[in-house]
Amino acid sequence: MRALAIDVGTGTQDVFLFDSDRSIENAYRLVLPSPTLLVARAIRRATKARWGVVLSGSTMGGGPSAWAARDHAAAGLPISATASAARTIDDDLETVAALGVRIIDDAAAEDAATRTLTLHLALNDVWLAPIAEALSQFDIDLRRLDALAIAVFDHGSAPVGVSDRRFRFERLRECLSAEPDAGPLAFAFLDHAIPTAFTRLRAAADAARSWLGPIDAPILVMDTGPAAVLGALEDEAVRGDDAPRSVVAVNVGNFHALGMRLSGVQPGPAGEADLPPGQRRIDALFEHHTGELDADHLVRLVTALADGSLDDDAVFDSLGHGAFVRQPFDPGQSPLLLVTGPRRSLLAGRPIDGLATPGFAAPHGDMMQTGCFGLLRGLAHRLPEWREPVEGRLGRAGQPVSLSAAPAPAPWDA
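Going by this note's numbering, the first residue of the sequence shown is number 1, and it counts up by one from there.
Derived from the structure by calculation, the hints contain no laboratory data. Where a beta carbon is used, it is the ideal one built from N, C-alpha and C, also for glycine. Fair warning: there could be bad hints in the mix.
Unchecked claim - Now the in silico label distances, taken between C-beta atoms and shown as ranges: (1) N26 / T196: 37 to 43 Å; (2) E110 / A406: 46 to 52 Å; (3) V162 / P409: 49 to 55 Å; (4) E110 / R166: 33 to 39 Å.
Could you put together the complete structure from these sequences and hints?
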């Protein structure tokens, strides 16, 4: 069975082709520029050339692409966008229009795209066509897929006047309330079960379904931060009967930093486990913008995460999303600290009260595919038929890979 996992970040999109006939070490993978970065580069080239810009397509990740669109308008150059594309810049279309972006319908976008000296971009977080084309040069056919799993960061569509940071954090709370013992798996959804507030997850799933066409393969979507934390739990340091009961896992992404304190008894003698094997519940959580954090600030957040003293208002007032503590901690527990993400160096070698020196998670030997490994676990959680293939390669959740993964043939025999 084959599944394509794509973890779409702000700086990179990380691609992993899972094949149940291949070992994880021999699986094909890519680390590419993110869609929002590529769109931003294209808009900035148009700005430099003094061209007009027309944006159509779906709502995608903002950040670099939204900044480039704002700068283009601020330069006094023409820029138009359909409503769905404009929400990449801001959920409030009046705010987008006030920036100098003209809101148009799809027919007007098609007409404007035919004009000379005009760049037309169809926005989309899921660039399956170019990925498939690149892999086809190496005799890899992505049309032979049994599942697609995609991670994107989704603020949700906040009502006018409501902070998108607050709105997102309330949606995170709702997901955890719906599945309080699922841990990061609570943020994984099959495409028919995506909460309506998550417009970017919906757009990513729709783009994937459109590309698949007649291929009736399941599509799973997940938020990027929880996918990375879930993937970090693949690290050997937190697998096995002697794994620590409590883990503090921090994903320091290019744009957002997410920390979770997780607990759960690993499988052992009968009656010892209070959660399914390898599964951990979220006891506390914070989320912030990486660009607003220096090393000292991040250390303070992780310390508060570890000891249960997180303050939601303090995180929000420092331009973060928020924080919460779900249940009291056992003071006798000493959590293990796992750090992942492209900006993990912010915590490198930093002593943190109550925690050991940060361990850099490298699940299955590949830090940059951490989110993709989380996506694969999400697939196995939501689709029972995927549990055996995924466990055959990643090993049983919570157990050492060497003891629980199936042997794989040599790559020339696969």
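Hints numbered earlier in the text: which of these fail when held up against the supplied structure?
Going through the list in order, the structure violates no hint and respects every one.
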